[in-house]
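Trainee: Each chain, written out:
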Amino acid sequence: MLIETKGLKKVFKSRGKEVEAVRGVDLAVKEGEVFGLLGPNGAGKTTTMRMLSTLIEPTEGRAVVCGHDLATDSAAVRRDIGYVGQEGGTWGEVTARDELVMQGRLYGMSKRTAAKRAAEVLESFQLSEYADRNVKTYSGGQKRRLDIALGIMHEPKLLFLDEPTTGLDPQSRAHMWDEVRSLRERGTAIFLTTHYLDEADALCDRLAIIDHGEVVAEGTPLALKKEVAGDVVAVGVVGDGEKARTLLGEKDFVREIESGEPDPATGVAVLRLYVDEGATALPELLRALDGAGIAPASIELHRPSLDDVFLKQTGRSLREEGN
Amino acid sequence: MKILRDTWLVYSRAMLLNLKQPVWLIVMLIQPIYFLFLFAPLLEPMDGMPGFEEGAMETFVPGLIIMMALFGSAFVGFGLIAELRQGVIERMRVTPVSRIALMLGRTLAAVTSTVFQALALVLLAALTGRLDVYWPGVGLMLLIVLLTGFMLAAVSLGLAIVLKSEDAMAPTINTLVQPIMLISGIMLPMVMAPSWLQNVAEFNPFYYAVEAARALFSGDLGSDYVWQATAFIGGLAVLLVWWATRRFARAVA
Numbered sequence: 001m002l003i004e005t006k007g008l009k010k011v012f013k014s015r016g017k018e019v020e021a022v023r024g025v026d027l028a029v030k031e032g033e034v035f036g037l038l039g040p041n042g043a044g045k046t047t048t049m050r051m052l053s054t055l056i057e058p059t060e061g062r063a064v065v066c067g068h069d070l071a072t073d074s075a076a077v078r079r080d081i082g083y084v085g086q087e088g089g090t091w092g093e094v095t096a097r098d099e100l101v102m103q104g105r106l107y108g109m110s111k112r113t114a115a116k117r118a119a120e121v122l123e124s125f126q127l128s129e130y131a132d133r134n135v136k137t138y139s140g141g142q143k144r145r146l147d148i149a150l151g152i153m154h155e156p157k158l159l160f161l162d163e164p165t166t167g168l169d170p171q172s173r174a175h176m177w178d179e180v181r182s183l184r185e186r187g188t189a190i191f192l193t194t195h196y197l198d199e200a201d202a203l204c205d206r207l208a209i210i211d212h213g214e215v216v217a218e219g220t221p222l223a224l225k226k227e228v229a230g231d232v233v234a235v236g237v238v239g240d241g242e243k244a245r246t247l248l249g250e251k252d253f254v255r256e257i258e259s260g261e262p263d264p265a266t267g268v269a270v271l272r273l274y275v276d277e278g279a280t281a282l283p284e285l286l287r288a289l290d291g292a293g294i295a296p297a298s299i300e301l302h303r304p305s306l307d308d309v310f311l312k313q314t315g316r317s318l319r320e321e322g323n
Numbered sequence: 324m325k326i327l328r329d330t331w332l333v334y335s336r337a338m339l340l341n342l343k344q345p346v347w348l349i350v351m352l353i354q355p356i357y358f359l360f361l362f363a364p365l366l367e368p369m370d371g372m373p374g375f376e377e378g379a380m381e382t383f384v385p386g387l388i389i390m391m392a393l394f395g396s397a398f399v400g401f402g403l404i405a406e407l408r409q410g411v412i413e414r415m416r417v418t419p420v421s422r423i424a425l426m427l428g429r430t431l432a433a434v435t436s437t438v439f440q441a442l443a444l445v446l447l448a449a450l451t452g453r454l455d456v457y458w459p460g461v462g463l464m465l466l467i468v469l470l471t472g473f474m475l476a477a478v479s480l481g482l483a484i485v486l487k488s489e490d491a492m493a494p495t496i497n498t499l500v501q502p503i504m505l506i507s508g509i510m511l512p513m514v515m516a517p518s519w520l521q522n523v524a525e526f527n528p529f530y531y532a533v534e535a536a537r538a539l540f541s542g543d544l545g546s547d548y549v550w551q552a553t554a555f556i557g558g559l560a561v562l563l564v565w566w567a568t569r570r571f572a573r574a575v576a
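Which chain is which? The protein sequence lines are E and Z, in order. Taking my numbering, the leading residue of the first sequence gets 1, the next gets one more, and so forth. Taking my numbering, the leading residue of the second sequence gets 324, the next gets one more, and so forth.
No wet-lab data here; the hints were simulated from the structure. Any given hint might turn out to be false.
Said to hold, decoys possible - Some residues of chain E that are not near chain Z, with every Cβ distance over 12 Å (derived):
| # | residue |
| --- | --- |
| 1 | Thr72 |
| 2 | Gly92 |
| 3 | Glu129 |
As the list claims (entries may be wrong) - Covered, in the sense of this in silico footprint (three residues per stretch, anywhere, with C-beta under 8 Å from a C-beta of chain E), are these stretches of chain Z:
| # | region |
| --- | --- |
| 4 | 340-347 |
| 5 | 396-410 |
| 6 | 416-423 |
| 7 | 508-518 |
Every residue, glycine too, gets a C-beta built ideally from N, C-alpha and C.
Same shape as in the complex, but just chain Z (with noise of 0.2 Å):
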C-alpha cells in the first residue's frame, strides 16, 4: 500500500510540473503532425500495395504514433538529470519514499504523457477525413503505446542516473533510438525490405509493438503481433524498470 500511495505522490508531483510546462507537450505532437502532413501524402499512392494492404494511412498513422512514444519516453531522462542536478533527488532520497515508488511515479507520468499525445494524433489524423479509425482497436493500441513508453521512460529514467550529464545522455539515446526506429517499420513496412534486413527486424522488440498496433488500428484483434508486443514489450518493461529501480535506489548523484 505504501508503494501505491509514494508512486501516487512521486506521479502528481510529475503530473503537476508536466501541467505547469504544457510547451514541450505541444513541442512533442509537432513532429508528428510535419510528418502526418509533409511526409504521409508521399506514401498515399502506395495504397493497398504490399504492406499497405489496409490503406497508406491506416498503415503509416500506427507507426508514427510507436514512434512518438519512442521520442517522447526516451527524453524523459533529461529532466531527471536537472533534477538530479538541483538535488531534489538527493532531498527524496533521505526520505522514506519508496524507492520504487520514486522511479514508477515518474515513468507513469512520462507514459501519462505520451497515451495523450497519441490520442491526440489520433484524433487529428481522424479530423483530415483521409483514413478510417477502427475505434476499439484504437483502445487496444493505447495499451501497447503504454507499454512502449513505460519501458523507454524506464531506460531513460535509469540511463539518466547512470550518464548523469545532457551532453552524453543525447547521444546515447539517439545512438540507441534511431536503429531501433529505423528497423521497427515505423516509416514504411518491413515486408518492403530485403529479407536480412526483416530477419534483423525480428529480434526487435519495437517491431512487434508497430505491427501490434497497425493491427489493432485496423480491427485485427487476433493478430499474433498483439500478442508477441505485449509479451516482448512487457517483459523487458518488468526487465528494465527493476534495472532503473536499482539504479535508483544506489544512486551516488
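Just chain E, same shape as in the assembly (with noise of 0.2 Å):
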C-alpha cells in the first residue's frame, strides 16, 4: 500500500466555530495505480489531500504514505511524493528550466543533475521549445504541463495532483488525460481530486466519493456503477410528480425512485428510476403513466453514471452542483 489512512480527520477553527472538513476518512491506495478522490466542492478532498501530502496536520487519525508515518517522520513523506496543487506553482518571471534546476536542487541534487533532469522533463512534457521563455508567454495547458512536470521532477513514486484539469479547454484537458495515463505507465501511482465525473471514470482506476467530509462510497469505477444495477430511466414530468412518484414507486420493476426538484422555468420535475431492464420498463412505463392521465414531458433511458452511484449515495446530484 502506498497510502493507508485511519479515521483522518481535520477540524478547522475560524472566528470561535469549529468546522469539521474531513470526519474520519479511511483510504488504501495501491502502487502503481491512480485513485480518485471524487466529490463536490467543499467536499474535503482538498484538505484530504492536503493532510496526505504534509502541507496541514490532521486533527486527528493516522496515515502512513510511502511507508513512513505522516506524523512522525513528514519529512521521508515529503522526499518521496510529488505534489502539484490547483494553482500549480509557477512563477511568470522565471523560465521553466531555471524553475526546474531550482525544483531538482530543493529535493537535493547537483546543479548538474538537476539541470539533466530537467532536460529530460522538459523534452517529454513537450516543452523544450519554450524552455528558455518566462512561464507568463505560456498558454494553459502548457503552464499545467509545466506544474506536472515540477512535480515528477524528482521521480516520486506517488503524485498528488488537485484538481488537474479545473479551468483547462477539452483539448489541453485530453492531454492532460494522456499525460496522467503515461506516468502511471512508467510506474508513478497518482492520487488525485476531482469534481468531474468523466474525469473519475476515464482516468482512475479506482476511487472514493466523499460528501461533507465523509467518504460514501470506494471501488472501481465499473463496480460502483453495478452497485447501482440494472438501468436508468429518466422521466420529465409537469406538475404531477408526486403522484407519478407515487405511482410508479408501486410497479415492482422498479427498484428504486429518486425525485428531483421542479425546473423554475420549465416547471419539469425528474423523476429517475432505477430499473433491471430498461428496454422491457419502458413500455410498461408509458403504460402505467397513460393509464393514470400523466404526460411525460422527457423520457430518457441511460447506463448508470458515477452521478448515479453519488446520487444514490448522497440523494444529490453533482452534476447540479453546477461547476
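Assemble the dimeric complex from its two separately framed chains, guided by the hints.
Mentor: Below, the structure is given as C-alpha cells:
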C-alpha cells in the first residue's frame, strides 16, 4: 500500500466556530494505480490531499504515506511524493528551465544532475521549445504541463494532483489525461481529486466518493456503477411529480426512485427510476403513466453513471452542483 | 549544512527575480532622492544647531538611509502574497527544503537590495559634495542597516503569511511603520522634541538605529547608541525571524 489512512480527520477553527472539513476518512491506495477522490466543491477532497501531502496536520487519525508515518516522519514522506496544487505553483517571471533546475536542487540534486533531469523532463512534456521563455508567456495547457513536470522532477513514487484539469479547455484536458496515463505506465502512482464525473470514470483505476468530509463509496468505477445496477430511466413530468412518484414507486420492476426539484423555468421535475431492464420497463412505464392520465414531458434511458452512484449515496446530483 | 545550502538556493532564486525586475530597485531609490534634493536643503540653515552638531547633511543622510531600509524591507511581504496566491510557496513547502531556509533566503535577498540601495544613496549624497563621508563608519553603518532590514523583512514576510491579502497588508504596514518612523528622529533629531516625546522614542528600537547610524557616519564608533542599536535590533531580529519561520512552516495558504 502506498497510502493507508485510518480515521483521518481535520477540524478548522475560524472565528470560534469549529468546522469539520474531513470527518474520519479511511483510504487505501495501491502501488502504481490512479486513485481518484471524487466529490463536489467543499466535500473535503483538497483538505484530505493537503493532509496526505504534509501541507496541513490532521486533527485526528493516522496515515502512512509511502511507508512513512505522516505524523512522525513527514520529512521522509516529502522526499517520496510529488504534489501539484490547484494553482500550480509557477511564477511568471521565471523560465521553465530555471524553475525545474531549482526544484531539482530543492530535492537535493546537484546543479548538473538537476540540469540534466530538467532537460529530460522538458523533452517528455514537450516543453523544450519554450524552456527558456518566461512562464507568463505560456498557454494554459503549457503551464499545466510545467506544473506536472515540476511535480515529477525527482521521480516520486506517488504524485498528488489537485483538480488537474479544472479550467483547462477540452483539448488541454485530453492531453492532461494522456499525461496521467503515461505517468502511470512508467510506474508512478497518482492520487487525484476531481469534481468531474467523466474524469473520474475515464482516468481512475479506483476511486472514493467523498461528501461532507466522509467517504460514501469506494471501488473501481465499474464496480461502483454495478452497485447501482440495471438501467436508469429519467422521466420528466410537469405538475404531477408526486402522483407519478407514488404510482411508479409501486411497480415491481422499479427498484428505487428518486425525485428532483421542479425546474423553476419549465416546471419539469425529473424522476429517476432504477430498473433492472430498461428496454422492457419503458413500455410498462408509459402504459402506467398513460393510465393515470399523466403525460411525461421527456423520457431518457441510460446506463448508470458515477453521478447515479453519487445520487444514490447522497440523494443529490453532482451535476446539479453547477461546477 | 542543509540549512545553509537551502538558504542559498532560496536566496539565489529571490535574487534572480530581483535582478529580472530592476525597476522596483530604482523606484525604491527615488523616494530618498526626493528627500535628498527637495527636503534636505531646508535643513541646511540648521547646520551646527542642537541635534545638528555634526552638520545638517551628516545628520540627515544616515536617517534617510534607515528610512529607506524601513520602507524597502517592510514591503517585501507583498511579493510573497503574490507567490502564495500562485501556489509557489505551497509547491516549495511540499519539497524537503528546510522551512527556515524558505524564510531566511527571502529575507536575505531583501536585505541585499536594501544594503545596495543604502550604498547607492551614500555615493549619491557624497557626489553632491555637501557632506563629509567617513567611509569606515559608513561600512559599520551598513551593518546596522543590514540588521534593520533583516528584522523588518522578517516581520513583513510573517505578516504576509498571516494576512494573505495586499488589501489588508498595505494599511497594516503603514499603521506600523509610520509612527515608528516619526518617533525615530529620521526627519529631525529627537533632541528637538518635547521631553514626553523623547521618552516615548526611547522605547523605539529604530530610534537607536537612527542615532547609531548617525554616530557611525560621523566617525563616533564608540557611541553607546551603537551597541544599544545592535542589541535591540539584533534581539528583535532573532525573535521575529523565529516567529516568521513558524508562520512559514504552518502556513495554510
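Trainee: Run every hint past the structure and note whether it holds.
Mentor: Okay, the hints, checked on the actual structure:
No beta-carbon of chain Z is positioned within 12 Å of the beta-carbon of Thr72 of chain E; the least distance is around 16 Å. Residue-level check failed: Gly92 of chain E sits 8 Å from the nearest beta carbon of chain Z, not beyond 12 Å. No beta-carbon of chain Z comes within 12 Å of the beta-carbon of Glu129 of chain E; the shortest separation is about 21 Å. Coverage of the region 340-347 of chain Z by chain E holds in this model, with 3 residues showing a Cβ closer than 8 Å to a Cβ of that chain against a need of three.
Only residues whose beta carbon comes within less than 8 Å of a beta carbon in chain E count, and the region 396-410 of chain Z has 4; three or more means the coverage holds. Three residues within the 8 Å Cβ limit are the bar, and the region 416-423 of chain Z against chain E gives 5, so the coverage statement holds. Coverage of the region 508-518 of chain Z by chain E is violated. Counting CB-CB distances below 8 Å, 0 residues qualify, and the rule asks for three or more.
Violated hints, listed in ascending order, are 2, 7; each of the other numbered hints is respected by the structure.
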